[in-house]
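Trainee: So the chains spell out like this:
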Amino acid sequence: MATRIGIDVGGTFTDLIVLDEESGEITVGKGPSNPAAVDQAVQGVLAATVDRSAVERAGYFLHGTTVGLNALLERKGARVGLLTTEGFRDVLEIRRLIRVDERGEHMWDRLFRTPEPLVSRSLRLGIRERVLADGTVRQPLDRAGVVEAASTFAREDVECVAIMFINSHANPEHELEAAEVLREAGFAGPVSLSHLVSGQYREYERASTTVVDAYVRPAVSGYLERLESGLRQEAFAGECLITTSAGGCLSFAEARSRPFETAMSGPVAGAVGASKLCAQLRLPLAITADVGGTSFDTCLLVDGRPRVKYEGEVVGMPLQTPWVDVRSVGAGGGSIASADRGLLNVGPRSAGAHPGPVCYGRGGTEPTVTDAAVTLGMLARDTLASGLKLDIEAAAAALARLGEQLGLDPEQAARGVLRVAGATMAGAIRAVSIEVGEDPRSAALIAYGGAGPLFASLLARELGIRTIVIPNYAGNFSAWGLLEQDVVRSAALTIVSRLDDGGLVRAERVIEQLFEQLDSRAQANLQGTVTHEAEFDLRYPGQEYTLTVPVTLADGRIAESPQEIAGRFADLYERTYGHRFDVDVDILSVRAVERTALPHAARPRHSIVDGAGRAPRIARAYSFAEEKWCEFELIARESLAPGAQFAGPAIVMEATTTSYIDAGLSGTVHDSGALILTDTLA
Amino acid sequence: MDATTESAQLDRAAAVDPVTASIIRHGLDAAADQMLVTLKRTAFSPIIYDVLDGGGALYDRRFRMLSQIQTLPMFTGSLGFCVQATFEHYATGEGLQDGDVIVVNDPYLTGTHQWDVAVIVPGFLDGELVAYAAIKAHQLDVGALAPFVSNSTDLFQEGTIYPGVKLFKAGRRDDDLYRTILSNTRLPESAAGDLSAQAGACRAGLRALLELIERYGLEQFESAVEVILDASEAKMRERLAELPPGHYTSTMVHEHNGLEQVMLPFEVAVEIADGAITIDVTDAPPAQPGPVNSPRVGVISAMRCAMMALAIDDGRANEGYFRPLQLRTRPGSMFDPQRPAPCALASYPMYILIEAINEAIAQARPEHMPGGYDMCVSLVMWGLDAAGSFWADSINVVGGAPAAAAYGDGGGPLMPIGISGLRGMSWEVWEAKTPMVVEQADYAPDSAGAGRFRGGPGIDFVVTALRDMELTVVNERSQVPPFALAGGDTGRCNQVLVHAPDGTVEQHTKVTGLHVPEGARIEVRTGGGAAFGPPEQRPADEVRADVDAGYLTEAGARARYPHAF
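Chains as they are written, first to last, in this note's numbering: chain A, 168 to 849; chain B, 7 to 571.
One should not assume that every hint holds.
Unchecked claim - BS3-like, lysine-lysine: derived pairs with alpha carbons at most 27 Å apart:
| no. | chain 1 | residue 1 | chain 2 | residue 2 |
| --- | --- | --- | --- | --- |
| 1 | A | 476 | B | 46 |
| 2 | B | 46 | B | 439 |
| 3 | A | 197 | A | 476 |
| 4 | A | 556 | A | 197 |
| 5 | B | 46 | B | 241 |
| 6 | A | 476 | B | 439 |
The hints are simulated quantities; they were obtained by calculation from the structure and are not laboratory data.
Chain B extracted, bound-state conformation (with noise of 0.2 Å):
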C-alpha cells in the first residue's frame, strides 16, 4: 500500500465509524428492496411481475452499484455504465435535473438488446446530483419486425433504439417522446404501464437512499460507501486467493448465429493471480451477421455474475467485488461487436461465457463448482386473440436442470445463476390469459447425465395452440451439451419440435415469425445436467431407486449403468 492510498484511508476512517457504516449498509439494502416490491406489484406485463425478468441497482455520484434488486444478476452488472454514458451525455448541455427520467435500451449501452429497457433516475439533494437508480427490464414489445427476432442482420431491425432520451425533464413528461415511444410498439398499454412501474420503483428506491444521506450526510455517507466497497473487494480477494494461481482454459461451442446454424467454438482463459482475476475472450469469434454478438458491457456483466457466485455467500453485490475482476476482449468479435452489429440474442453467448469460466475455474477446484447447467430455451408467441385483439407472450424458460457437484445428484430444475431471480411461468395462469392448452410439463426419464452423481432431470413441455400464432424460437445446446466434471457423462441436448395437425414434425433451433397453425403442438425437450464422478461408481440401490422412481427407464439404466444389473 502505498502512502496516499493508506492517508486516504485514514481519513475515511475519521469521517465514519464502523458502526455507522454497517447502518448505512442496511440501509442500502433496504433502499433496493424497495426498489423491488414496488416494480414487481406495479407491473403490467408478466415478464417483469411474475418471471421477474428485469433488473435494477442504486448508484453514487461517480457511477458505483451501492446494492442491487434480488432478480437478474447479469443485468445489473453493466448498468453503471449506461448510467455513466447517460450523465456524460447531458453534461456537455442541459444537464440532469431533479425530476428527470432517462429511458435508454440502446445496447451497445445496456448490454443486452432493445427489449431490455433501462429507466434511470438521478438524485438530488439540496440541488446537488448525489446518486441514481436504475432499472433495466424485459419489455414485451419495442417495434421490431417481429416481437422477438433470432435472424436480424442488424441493430435497426430489432425495434426502436432509444439513446438515453429525457421521458420526463424536471417532473414533466415529455408527451411528444412518450406517444413516439408508445406509437413504436404493438402492445402499447404494456409499455406504458411498465415504464410508469419501472420509473416508480426506481424513485421509490431513490427515496429511501436520500432519506439515508440526508440523515447520515452527504460527507459521511460517502465515506462508509468506501469502507462498504473496500470491505467487498477485500473479501473478493479473499476468495481469488483460495483458489491456486495459474492460468485455466476452457473451450466452449456456439452453435447457431442465428441466420445459420454455424458451429462457433471460443476459447477463454483464465488467469488467477495475487487476489486478482483476468478473463481474456480474445479468441472468441469475429462479430457475426446474426443476432449472436454480445456487447462488451453486457460480458463484463457476465463476467462480474460469474465471479460474485464465486465470492458472495449472503448480502448484495456491490461495485466493491467488481474491483479484482479484469476482462479483455477483441474489438470486432462476438464479444466485442461494433455497432450496428445486431444483438438480439446477445444474452445467449453470454451464458455460455458463464459457463466457460465456471469449467475454467473447476479445473483449478472441482468441488468448488457444479457442472455445467442446461441453457434456457426461449419462445415467444404472438397473433390475434377470439376478439382480434393483438397479443404477445413468452415462455422464457422451460428448462434449467441443474449439474451433479460433488456433494450430490443434480436437485429439480433451478434458474441459472445468471438469471437466478427469475421464476418459471405458471400454467394456469398462460393458460387464463392465451389461445393455448399446456398438455405436458414433466420429468423427461433417461435424459439426466449419468454418473457417481447423477445431473438434473430435463423437462418435456408440449402445448397445444387453439388458434392461430406466429413463433420465434430460441434454442441453443441443441448438440453441444452442458460440461460435466470428473469424469461424469453429459445429460441431453435442448430440442424444439413443432407437430403440424397433419402429423408432419419440424426441428427448430432458431426460427423467427414461424406459423403455428390452430392445433398444432410444440414440444420442447430440454436438457439434462450433466453428472459428477464416473457412471461405474453409482451405488446399485441409487440406479435401483432412481428406476423405481421414473428419473430412468429400465432399459435406460442397463444403458448407463450395466454395473448395477
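Looking at chain A on its own, in the form it has when it is part of the complex (with noise of 0.2 Å):
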C-alpha cells in the first residue's frame, strides 16, 4: 500500500498532495512558508495534513522548493574562492558589460551599476596555464600557483572552490588536476569544475554557472540532508526526489552535488503536470497559465513536452543549464492598478500578501486585480476559504477613486483593470508562442494557480484560442505535478564540429563519455524504465543561436544519418523562422539524457459530492462577452463527476480557486477530473 508525497514550496504557500498509489485517494493540503526555516514548514504541513502510516508507506517523496533561489536572492550563500586561467580573473565582474538583462531591464538606466560579484575579488585567483580553442595545451598548469591558492583559501576561510579555466570544454585535464593539487594541499570543503557543472562554451556564463553551484551548495545540500533525515526518522523508507529547472527530478544525494540545477526549478513542476496532462487528453499544442498573487507564468508545450532553453539568467546572473523555458511578468491577483497620464497600468508593482488587495481590509489602498474581480462579481464570495471577509465596498472606493482619473466610472474602470492584466498576460503568451512559430490560436490553455482559472475566460477570448482546460486541484497544481515526474539525469559538451559523417563519429564518442559521467555522479538506486536519448544543439555555420534536435540511438549508437539529422533541423528551422537555407549544418553541442519513468502510480479517484438534489444556485457577475451583468450559475466544483456537462456563464467553486467561466463558453468534465471548456462562439 505505498504512497507518493508531493511537496512545493512557494513563495508564500507550501503545498502538499498525497497519492494513494492503490486506491487512487489523494489528500492535499497547505501551510505557510517559513523562508527562515523551510524544512520545518514542510516538515509542519506534512504532519498537520496526513499520519504517519501515510509516511511510511512512502515509496517517492517529491519535492520542489526555493531554497536554492533564496540563497542568491537573499545572498546568503557560501563563500567561494574561484580560480580561473591567468588574465580571467575578473570575469565575473566584466560580466561581459552587459546593462540590458534578459527581460530588456535597464536600457536607460544612468544610474545603473552592476551587482557586486558572488565571490569578492581578494577570493578570485588566476592560475598560470592555458588550452587553446581545439583542447591542445598551450601552458601546462602551474601547480605551485594551484598550492599557492589553497593557502589563500584556507587562511581566507573559503568553504568552497569553483574552477574555470578557458576552453575547459575543449580539454578538461588542467580543471581536473587544480582540483587534485588543492585536495593534495589540504582543501577538504567542495570543488565545482566548470566542465563537469556546464561543458558548454561562454566563458563567463560558464563561470557564472559554476560559481552560483558553489555559492548555493552548503545551503541546498544541508537543506537536502535536514529533510530527508527528518522524515527518515518519521520511518520514511522510500525515495527522495527533487525537481530541477529541467523539468524532471533528481535523487536528493545527485541534487546535493549539482545544486544549480535545482535553482529555478520553482514554476516548473505546474509545466509537468500540464505536460502529463497533454498526453492524457492528447493535446498537440497547449500553453499553460498559472496565475499567482505577482506574478504571471507561461510556458508552451509541443507534443506535450514543455519547451527547454539552455541558458538563462537569475538576478542577473546566467546559468547554462537545461531550463524549462517558463516566462513571468509581473501581472497577478495582487497587481496594482494605476493612473499614468491618461493610461492604465496594472503592476508590476503588487500589494503582495502584506498589505494585500483592498478588500481584504489589511490596510491596502491601491486597488489591485482582486478587487476589480471582486467588484465585478467574478469571484461570486464574501469570504475567502481561509475566513477572510471581503470589503467589497472599501474594493469599489479605491476603483471609484482610480476610475476618476481616468474619466471612467468604478465599473469602468474594474473592467479596464481585468482587460489590461489580460492583456500583459495574453502578450507573454503570444511571444512565447510565436518565438518558435507556433500560433496560440491552435493551442489550448491550461490554467491553474489561484488566479488562472479567473482569469482563463479572459485569456482564450482575447488570444483566440478555443479550449481551456483547468485541471484538477487547480489552486495546488504545482503539487500535483510533482508527483508523476520522471527522473532526467543530463550532461553536454560543446565540441564545434561539422554535421557530417567525421562529426556523427566525433558526437558519438562524446555521447559515451558523457553517459559515462552521468553513471560516475552520486545517484539513486531507481526502479524503472531507464531510456538513453541524445539530442545536438545545431545551427548553420556562422549563426550563433542553436535549435535542439534530438537524436535516434540504438545501443548506444547514432542511428540516423547526417542527411537525416540536417533535414530535421531544416524543418523545425523553417518551422520556427518561416524559411531554411541550404547549406551545410553545424554541431554546437551534444548532450546526452537518460530519463527513468517511476512506476505508473493508478489513477486518483475523485470523490464526488452528490449535487443533484441541490437547487442551483445563482450570482449575478459582470459577463465581458455579453458585455453587461448577467446571471451566473454557481457550481462546487466536487459536485461535478465525470462526464458532467456545464455551460457558461457559470463560476465554479472550490476551495483554493474560482473558475470564472463567462458566457458562450460551454463545458464537460474529463475522466482526469480536469474542466474542459469549449468557446461555442469562436
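Dock the two chains into a complex; use the hints.
Mentor: Next up, the structure:
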C-alpha cells in the first residue's frame, strides 16, 4: 500500500498532495511557507495533513523548493573561492559589459551599477595555465600556483571552490589536475569544476554557473540533508527526489552535488503537470496560464513536452543549464492598478501578501486585480476559504478613485484593470508561442494557480483560443505536477563540429563519455524503465543560436545519417523562423539524457459529492462576453462527476481557486476530473 | 492650449478609451519584442546576434516611432527620417507596395555610416499603407577600401552606397540588385544572411502590428497612438520641468580626425525653459577632411538618446518623448556635414556629444548624473585562415568603465547608454573562430579616477595573433579623459599598443589596415571611470579595501589618497 508525497514550496504557501498509489485516493494540504526554516514548514504541513503511516508507506517523496534561489536572492550562500586562467580573474565582474538583462531591463538606467559578484576580488585568483580552443595545451598548469591559492583559501576560510579555466570544454585536464592539487594541499571543501557543471563554451556564462553551483551548495545540501533525515525519523523508507529547472527530478544525493540544477525549479512543476495532462487529453499544442499573487507564468508545450531553453538569467546571473522556458510577467491577483498620464497601468508593482488587496481590509489602499474581480462579482463570494471577510465596498471605492483620474466610472475602471492585466498576460503568451513559430489560436489553454481559472475565459477570448482546460486541484497544481515526474539526468559538451560522417563519429564518442560521466555521479537506485536519449544543438555555420534536435540512439550508437538529422533541423528551423537555407549544418553541442520513468501510479480517484438534489444557486456578475451583468450559475467543483456537462455563464467554486466561465463557453468533465471548456462562439 | 488643440484632444478621447489605449501600448511593445527575437536568432554575424549591434523600431504612417527594440538607443532616433525619405522618394514614382523591402545605408539618411545597413518594410492593411518596420544593423563588410576604415576622405571610399532601393518589389526579390549587393562585399554569405534576418525580423514585427491595427480598427488605433505619444511627451516635459531653467554649457574635445591627431574642441549649449530643451552645437568645428563627421539626423538621434536616459525609468522610447527636444546645428560643421564628407567614424563625436549634454545637465543637477564614461575602443581584424578563406571580425567594445555618481563607486564595466543593449564578446567564442589567443582581459589596477566615490576600473586586454592579419584601430579619449564631477579625479585614458614579435612597440589612436604579423600582440588599455567628490574625502578603510582587492596598488593608493596612510 504505497503512497507518493508531493510538496511544493512557494513564496507564500507550501502545498502538499498525497496520492495513495493503489486506491487512487488524494489528500491535499496547505500551510504557510517559512523562508527561515523551510524544512520545518515542510514537515509541519506534512504532519498536519497526513498521519505517520502514510509517510511510512510512501515510496517517493517528490519535492520542489526555492531554497537555492533564496540563497541567491538573499545573498546567503557560501564563501566561495574562484580559480580562473591567469588573465581572466575578473570575468565574473566584467560580465561582458552587459547593462540590459534578458528581460530588457536597465536600457535607460544611467545610474545603473553592476551587482556585486558572488566572489569578491581577493578570492578570485588567476592560475598560469592555458588550453586553446582546439584542446591543445599551450601552457601547462602551474601546480605551485594552485598550492599557493589553496593556502590563501585556507587563510580566508573559503568553504567552496569553483574552477573555470578557459576552453576547458575542449580539454578538461587542467581543471581536473587543479582540483587534485587543491586536495593534496589540504582543501577539503566541495570543488565545482566548470566542465562538469556546464561543459559549454562562453567563459562568463560558464564561470557564473560554476560559481552559483558553489555558492548555493551548503544551503541546498544542508537543507536536503536535514529534510531527508527528518523524513527518515518519521520512518520514511522511500526515495527522496527534487525537481530541477529542466522539469524532471533528481535524487537528493545527486542534487546535493549539482545544486545549481535546482535553482529555478519554482514554476517548473506546474509545467510538468501540464505535460502529463497533455498526454492524457491528447493535446498537441498547449499553453499554461499560472496566475499567482504577483506574477503570471506561462510555458508552451509542443507534443506534450514543455519548451526547454539551455541558458537563462537569475537575478542578473547567467546559468548554463537545461531550463523549462517558463516566462514570467508581473501581473497577478495582487498587481496594483494606477493611472499614468491618461493611460492605465497594471503591475508590475504588487500589493503582495501585506497589505494585500484593498478588499482584504489589511490596510491596502491602491486597487488591485483582485479588487477589480471582486467588484465585478467574478469571485462570487464575500469570504475567502481562510474565513477572511472581503470588503467589497472598500474595493469599489478604490476603483472609483482610479476611474476618476481616467474619466471612467468605477465599473469601467474595474473592467479596464482586468482587460489590461489580461493583455499583459496575453502578450507573454504570444511571445512564447510566436517566438517558436506556433500560433496560440491552435493551442489549448491550461489554467491553474490561485487566479489562473479566474482569467482563463478572458485570456482565451483575447488570444482566440477555443479550448480551456482547468485541471484538478488547479489551486495546488504545482504540487500535483511533482507526483508523476520522470527522473531526468543530463550532461552536455560543446564540440563545434560539422554535421557530417566525421562529426557523427566524434559526437558518438562524446555521447558515450557523457553517459559515463552521468554514471559516475552520485545517484539513487531507482526502479523504473531507463531510456537513453541524445540531443544535438545545431546551427547554420556563422549563426550562433541553436535549435535542439533529438537524435535516435540504438545501443548507444547514433542510428541516423547526417542528412536525416540535418533534414529534421531544417524542418524545425523553417517551422520556427519561416525559411530554411540550403547550406551545411554545424553541431555546436551534444547532450546525453537519461530518463527513468517512475512506476505508474493508480489514476487518482475523485470523491464526488452528489449535487443532484441541490437547487442551483445563482450569482450576478459581469460578463465580458455579453458586456453586461448576467446571472451566473454557481457550481461546486466537487459536485462535477466525470462526463458531467455545464455551460457558461457559470462560476465553479472550490477551496483553493475560482473558475470564472463566461457566456458562450460550454464545459464537460474529463475522466481525470479536469474541466474542458469549449468556446461555442469562436 | 488653444481651441483647436483642445477640440482635437476631445476628438481623440472620444475615439478611444484609456483602457484600449493601454492595451494597444502593450501590443506595440510586444510587436517590437518579436522583431528583436527574430533578428537575434536568425542573424549570421556575431556582431548582430551576440553583440546586438543593431537597432529597430516600428513607425506609423506619419513616420512617428511607436516602439523600439531594446538594443541600441542611439540607432533608433534617426530611423524615422530614413523611413520618411524613402517614402518621399517613391511617392513621386512607383510608390510603395505590399511586399516591398527597401535597403538604405546612405549615412546622410541613416545618421551613421555605410556599415549600418537599414532595412525598411512598409505595412499594408486592405491596400492602405499604415505602418513601417525598420531595422538598422552593423554589417561586417560593405566593400570599403578595407573591412573597416578610419582614414577615408570621402563617402565613396567607405563602401557601396544604397540610397534607399527596393531589394524586394511586391514580394519578389530583385536578383540584379541582390547580386550587386553581394558582389560589393568581401563577406557575401554573412551579408546575405544578415539582410535576410533583418527583413524577416521587420516582417515579424509588422505582422504583429498589423494584427493589432486590424483588431482595433485603424481609427481607434491611431487615436490610441495620439494618447500614447501625448502621455510620453507629458512625461518628458515633467522631467525637464524638474531641472532648474537656465543656460548650461560644456566643452569637450574630439582628439583626432582620422587623418591626423588634431584637437577639435567644441562647446555644447543646453537651454532649459518651459518644459522644453534646446541643444545648440553650432559651435562645432567645421566638417573634417577625415571621417569624424556626424550627419545631422544621427546627431538628432544622439540628442534624443541622451535625453531619454533622463526621462524614462521603464518602458520604451517613442516619438512623444522627442517632441520637447530641439537641436541647433550649423550646416558645414562636424555635426551637420554636407555630402560627400566622410562619415565612417560618425558615432564617435556623437558619444562625446552625449557626454557633453550630460555634463551640462550635471551642472544643474549633479546628483542626477554619473560622471563621464570611458568610450569604446574598436578593433577590426581580417585576414586569410589556414584554408585560405577570407575572414573578418571585430571587437567593438573592450572598455566601458562607468563613472562614480553621488550614490557610490562606479561598478563593473558597462556599455554606455548610447549602445546600452550591446554585449561584449565571449572570448571562447572569439577564439573558436579567429586565429587569435586572448592573453588577458582583466582589471587594470590604478586605472580608475580617485575621489570620494571612485570610478570603475579600466581593463587591460591583450591578444596574440596566431596568423598574419590586418588591423584597423579606432580609439578616442587617448588624451582627454572622461569628465569627473564635484571635484573628483578623472581616470586613465584609452591606449592601444601593438607589440611586434621583435619587441618593438607602437602606439595607435587611429590606423587603417595595419599589418599585424604572426606572433605580434595587440594590447588595449581601456580608460577608467571618473570619480565623484574629492579624493581626500574617501574614508581610509575604503581605500585599504581597494588595495586588498587589487583595484589599487599600494603605491597608487599612497599617491592618490595620502590621507589614508
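Trainee: Holds or violated: residue 46/B with residue 439/B, Cα cutoff 27 Å?
Mentor: 19 Å, holds
Trainee: Residue 46/B and residue 241/B: Cα distance at most 27 Å?
Mentor: 31 Å, violated
Trainee: Below or equal to 27 Å on CA atoms is what counts here, so check residue 556/A against residue 197/A.
Mentor: 20 Å, holds
Trainee: Check the hint pairing residue 476/A with residue 439/B against an upper bound of 27 Å on the C-alpha distance.
Mentor: The given pair, whose Cα atoms are some 24 Å apart, holds under the 27 Å limit.
Trainee: Is residue 197/A within 27 Å of residue 476/A, Cα to Cα?
Mentor: 31 Å, violated
Trainee: Keeping to a limit of 27 Å between CA atoms, is the pair of residue 476/A and residue 46/B held or broken?
Mentor: This hinted pair holds, its Cα atoms lying about 15 Å apart.
Consistency with the previously given hints fails for numbers 3, 5, ordered from lowest to highest.
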